[in-house]
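*Asks:* For reference, the chains in residue letters:
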Amino acid sequence: MARGFEMSAQFSIGERVHVRRAYPPGHVRTPHFIRGKTGVVANIAGEFANPEELAYGRDGLPKLALYHVNFRQTDLWPGYTGQPSDTTVVAIYENWLDADEGSEP
Amino acid sequence: MHRHHDMGGLEAGPVEQTDHVHEPWEKRTDAILRLLTGKNASVMTVDELRRGIEDLGPGIYDELSYYERWISSITNILIEKGVITIEELGKEMEEVQARWREVSK
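Note that the protein sequences, when read in sequence, are chains A and B. For the first sequence, my numbering assigns the number 4 to the initial residue and increments by one for each residue that follows. For the second sequence, my numbering assigns the number 4 to the initial residue and increments by one for each residue that follows.
Bound conformation, chain A alone:
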């Protein structure tokens, strides 16, 4: 099967995931506005070398699964005035995700 990367991905499409609420220094690809938020895996984009390591001249291996995660806009922005069904999708590497414990939106 060509899409063998799905075998090593820890989360599956449709699963609820929690983004780590961490603010380390250095090159980080996870935008600040989704840290600590919960979303749903919409797609598994593939496996890629870790950009946090590549950014400092290292090889970034082993590769990490990269997910497209859907968030409800109302979960991201206080006082959001658009449609409650509005979502935003963010590409997130697996090392930033935990299984959702159902603790917060």
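Here are the computed lysine-lysine pairs in the DSSO-like style, where the Cα-Cα straight-line distance is at most 30 Å:
id	chain 1	residue 1	chain 2	residue 2
1	B	K84	B	K42
2	A	K66	B	K42
3	A	K66	B	K84
4	B	K108	B	K30
5	B	K94	B	K108
6	B	K84	B	K30
It is worth saying that the hints were derived from the structure and are not from the lab.
Once you have looked at the hints, place chain B on chain A.
*Replies:* Coordinates of chain B only, in the frame set by chain A:
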């Protein structure tokens, strides 16, 4: 805290949507990065480029234009990796400035 470039969701005023013509040096900067990150001679990664741009810091980040950020980051990373030395870069810059003074007399 998050780094300065991570601006998603922050107040930023209107987006300027007018197109502009790229200067020859901007096209050359683009070409230099493609050569440096290419498969044939991978000297650096785009992740290092991004990290270098973030490392410029909030003040300079805002003062420089898009490709000025690129060439500043590329320069710093090539010095870091020992591809070019500060001395040869400084001498080359002196020569260019001298040539420019001649031309603009």
